[in-house]
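Put chain B on the given structure of chain A with help from the hints.
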Amino acid sequence: MKSSISSKVSKGRLAMAIAAIALCSVAILLPQCHNANAEEEPAFAGGQKAVPEEVDFNFHVKPILSDRCFKCHGPDNRTREGGLRFDTRDGAFAALGEAGGRHAIIPDDPDNSTLIQRIYSDDPNFMMPPPESNLALEDYEKAILKKWIEQGATWKEHWSFLPPKKPALPKVSNESWVHNEIDRFVLARLEQQGMTPNGPAPREQLIRRLTFDLTGLPPTLEEIDAYLSDQSPDAYEKVIDRLLASDAYAEHMAAKWMDVARYADTHGYQDDLERVMWPWRDWVIHAFRQDMPFDEFIRWQLAGDLLPNPSREQLIATAFNRNHKITQEGGVIPEEYRVEYVADRTQTFSTAFLGLTMECARCHDHKYDPIKQEEYYQLFSFFNNVPENGLIEPYGAIPEPYIKLSRKEISQVLTFINNADTLDDIPLMVMQEMKTPRQAYILKRGQYDHPDKPVSPGTPKSLGALPAKLPPNRLGLAEWLLNPEHPLMARVTVNRFWQQLFGTGIVATPYDFGNQGALPSHPKLLDWLAVKLEEDGWDVKAMLKYIALSATYQQSCELRPGMMERDPENRLLSRAPRLRFTAEMIRDHALAISGLLNREVGGPSVKPYQPQGLWEETTGGGGGSTSTYVMDEGDKLYRRSMYTFWKRTVPPPSMMAFDAPTRDFCTVKRQETSTPLQALVLLNDPQIVEACRVLAYRAVEKGGANARERIAFMFRLATSRQPQESEIKALAGYFDDELARFKAEPEAASRFLSVGQYPQKELLPAPEMAAYAVLANTIFNLDEAITKG
Amino acid sequence: MSDPINERSHLMNRRAFMSRASIGVGTAALASLLGCNLFRTNENGLITAAGEGSGGVLGLTHFAPKAKRVIYLFQSGGPSQLELFDHKPLLNQLRGQELPESVRMGQRLTGMTSGQSSFPLAGSFYKFNQHGQSGAWLSELLPYTSKVVDDICIVKSMYTEAINHDPAITFFQTGSQQPGRPSIGSWLSYGLGSTNENLPTFCVMLSRGTGRPNGQPLYSRLWGNGFLHSLHQGVQFRSGKDPVLYLQDPDGMSRQSRREMLDRIAALNQQQLDQFGDPEISSRIAQYEMAYRMQTSVPEVMDISDEPEYIYRMYGPDAMTPGTFAANCLLARRLAERNVRFIQLYHMGWDQHDNLPSAVARQAKDVDQASAALILDLKQRGMLDDTLVIWGGEFGRTNYSQGILTDTNYGRDHHPRCFSIWMAGGGIKPGIVYGETDDFGYNITENPVHVHDFQATLLHLLGIDHERLTYKYQGRRFRLTDVEGKLVKDLLA
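Protein sequences, first through last, are from chains A and B. 455 is the number that numbering that gives the first Met the number 0 gives to position 456 of the first sequence; each next residue is one higher, with no gaps. 257 is the number that numbering that gives the first Met the number 0 gives to position 258 of the second sequence; each next residue is one higher, with no gaps.
Here chain A stands alone, though its shape is the one from the complex (with noise of 0.2 Å):
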């Protein structure tokens, strides 16, 4: 047996090669089996097709084979080709054929391989893949093949079904850059490249990054000017406790997590009828500002009607399984909705907690990972016993179960819930078990009445039985999932912050961790933070802080010459990213600088501008107060939009112009697109163009006694930074050439200064306040404006 650990001695890596040695010596009398994070981290091609020195069975081998093979040769047994699979390394090292005589694999012996002969081969009949499947080998691809097996042909175990180990931290040469592991991790594996890292940002751009990345929100001129001036040498850890003790931060964390819970206002389907679960999202808000325990926060989101003697807290919080789509639609069949719900349970589970596409194997045994069809009902009869009908009837009625919270446990007991309206009795949807669980039964080609044989509750063997110890039901499904030993749960978790403050996680799909999935770019820093997590006690505050405060989160984002050809997506993080906002973060950008922003927290979902008509040209009548938008007024037009009102069939234009989900189903990573539609909204969206009306009376009032300096002054609030010359001149010539229309049209004036509700402000003459309405709007226009560096 071979290790690819021997031969991977290079620079500077000399003492662990050595230890690799001595563990190789013990390897060879073990089974087979190869636990990625405990090896070297493979070579970086750096986004080029090309084939490594050394080929990794899980970072080049494994995706070709399950992108092209597993289909036919995959864990699927009912559309296995061959009997050959790909997917278990007996499959792929047995013999073929009646007489055994052929193996597709026969490691350092790649010419009577069958895999390569016919990846080679260009007989339709005997090609592989076959013509008709649309799939293809690229060259590059069939080399790599090769290569694997001419080298030995070693297998290893997919990397994220064994449990995070701690890893050792690995050595470096540069030192000084380094503040805390996360940096060994990310600078070892740029030296292994002949790579640097950046020098760390300009400090308004750090706190900008750091405001934005923990609170959704900009830094106050106060805020910037602060940490400029403190000399101290834990200013910026300073910062950091500031805005993590935010009520800014908890609703930041809870607009996230929104999208994962897909939280809305109505019920999703038809009609699309209004629904109350904003308590469950006040809740939220209030978990991340207590920082509950992540364990905790999820025990009782999956299963706290279950524990002993729940509170009224632990009952609202599992209102996340009921965040899913409910249709009303007259006619339906309830039990093939009432199936739907317990799927989109299932899914929101594994998507959420897992990072595993299960609902593909809801029709069929899964195509590329190791979860039978039989295992999906196994999981699905977790969330099949609620009590709960699958049509909404009589028309409008609150979806049982559900709990009511009156308004005097709200004032005393369950304060973290803004009850502005002081309504009485507010229902929530919640779960709660049947006393006697409905059976689940394997359901052929996914079909509510397609019942085949009956399953009980149990978790994919590939992660780990559910041990006999645990009751099988949601409690027991939750320990399950939150015991040490889980071999995702703490990864995926951990991956998903990575993400809010690097963009793209160190698995750039948090939804996969299978094998279609991206491969980690740091295995053994994702091993390391995923074990800190759970020996730290699933604080998500104190990781948050540990990520922010490490060198590689710091660097300034300037590219290099030569960094865009090395590594154009910057996986090896030797740069900060450059990243465009959110929808809600622009949105809440405009109104926090105008000064217009609502701080109130929590409470019921708000109606602020939106396009007339919108609900009303798509209503079919129904849909109570669903069919029309009745606008909010004062205030409520600038709560922050993670409170705006969320109608599943008709979600908000504008923010679904900058990529918010429809939360239709469990969404762990937005889109991040580029349209015109964004560009007309920041233009012409009356939210926005008020917003920047506004500013311009701030900048008026406290910016200063000229143009340039007001103009400065809005530059920087929208951007943190202070304008160069040459920006100041080019804003300030455009602002002469507006006033000078603006005088010669006085009239349209008054006009731009009328959009929205806002009260004007007779600060200047109209022409004058409108040129620097219209300078405000300008600078917000920026590509800097809406974007992090």
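Because the hints were derived from the structure by calculation, they are not lab data. In this text, a Cβ means the ideal position worked out from N, Cα and C, and glycines have one as well. Careful, some of the hints might be misleading.
To be verified - Here are the computed lysine-lysine pairs in the BS3-like style, where the Cα-Cα straight-line distance is at most 27 Å:
no. : chain 1 : residue 1 : chain 2 : residue 2
1   : B       : K471      : A       : K48
2   : A       : K452      : A       : K70
3   : A       : K141      : B       : K471
4   : B       : K485      : A       : K443
To be verified - Pairwise CB distance ranges (calculated):
no. : chain 1 : residue 1 : chain 2 : residue 2 : range
5   : A       : E80       : B       : K471      : 18 to 28 Å
6   : B       : S304      : A       : G623      : 32 to 42 Å
7   : A       : G151      : B       : K471      : 24 to 34 Å
8   : B       : D406      : A       : A419      : 50 to 60 Å
9   : B       : K471      : A       : N124      : 50 to 60 Å
10  : B       : K471      : A       : E557      : 26 to 36 Å
11  : B       : N91       : A       : G82       : 32 to 42 Å
Stated by the list, open to error - Derived list of chain B stretches under chain A, where covered just means 3 residues or more per stretch with a C-beta under 8 Å from a C-beta of chain A:
no. : segment
12  : 129-135
13  : 168-182
14  : 227-241
Relative to chain A, chain B alone:
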């Protein structure tokens, strides 16, 4: 790398668009976002240099396309085939008699009639006559369509899996009953890219029928991009002062101001680009230019005042009223003339559970003249050959009455097992009636066409093999037709 255009293209290539490609968003996105014409792709899907055409992800289509664009007149709610296209005199003969179980064969019913104790057969209140060379039977409710019957292909043997509106419409438009997949127009935008640098590739217009104004809702996800890049989403065109959301400049801002503002923004963004080299910045600069062009091109296409009188006469009096189906048909032609790839209309109100005779007549009157006019208008401009026009809803209606059957009144419930649509132009064989149903109008007896078959055929007409236009998302290659669908060759000209 001294040539700045090459350099920028290289930068884009290397980072933004390769990294986007890694999450699956390819060059179609680029082409579309840049309003095309700036870049094209090489055989590896990488952006190379300036060139013509927008290039979708496919680059070259799989076959020579017959249609360059699609106008889809979606009739939302489930139009009754029995009052429009599927002539069943037996139902009039057996009027009031029970639907035989031998015909029903255990077909699932909706919850709205499953409790009904009686299923009395109901013949059409309206007469049918044969028309055109093909001799196709059409209802007297469709006098204008009857005149173009030799230009269209009526498919009487459509069937679907869904029996309720939300899943059935979602299935038709996205290939899946559950929300989340891209709609047809988004797939085409992704696959084929744009052919107009001033307008969105996928335009959507809504209208409300007079048959049942308060009936079934629509959902913006029907024209959503699902997991595709949001550049592929359908853009709703609306009547009124803001034909595309946020299109209009704020009150008091002149075009001159806007132009200078955008120039200043571009110049300052360019400074940032020079400093940081982030290709996202150049993409943003291009987006603002596209937005500006849309501000001119959209109102221009929406302004129908330059249409001659005879055109209004063709489309009918409703065409003068913005927001009606007729007005939208006229706009559809204008968009088609500007080479918009996919033009999707939705006309609501076809859900006649009760009072069917009067309501379906009003619905038919809403759409008959303008639908036929669109065919004639495209034809006289030589555009019907490469424009595929589709007319139809999400399912059909039952042959028995929902509720009480009287001499003048009845209703019909949803029926997924057979229904009719028509298609025209764009490589469709004209003047034929395809498929047949039994004498009860309940089951298909000949040439069934599943929704996925319809979708596969639509893609084929645009030069696409439906099995090969895929998008890898969350580890799986998705396609419009999911895992099924077969080309209906008999429909091809």
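Each hint tested on the structure:
no.	hint	result
1	B/K471 x A/K48	holds, 19 Å
2	A/K452 x A/K70	holds, 25 Å
3	A/K141 x B/K471	holds, 21 Å
4	B/K485 x A/K443	holds, 23 Å
5	A/E80 x B/K471: 18 to 28 Å	holds, 21 Å
6	B/S304 x A/G623: 32 to 42 Å	holds, 39 Å
7	A/G151 x B/K471: 24 to 34 Å	holds, 31 Å
8	B/D406 x A/A419: 50 to 60 Å	holds, 58 Å
9	B/K471 x A/N124: 50 to 60 Å	violated, 27 Å
10	B/K471 x A/E557: 26 to 36 Å	holds, 33 Å
11	B/N91 x A/G82: 32 to 42 Å	violated, 60 Å
12	129-135	violated (count 0)
13	168-182	holds (count 3)
14	227-241	holds (count 7)
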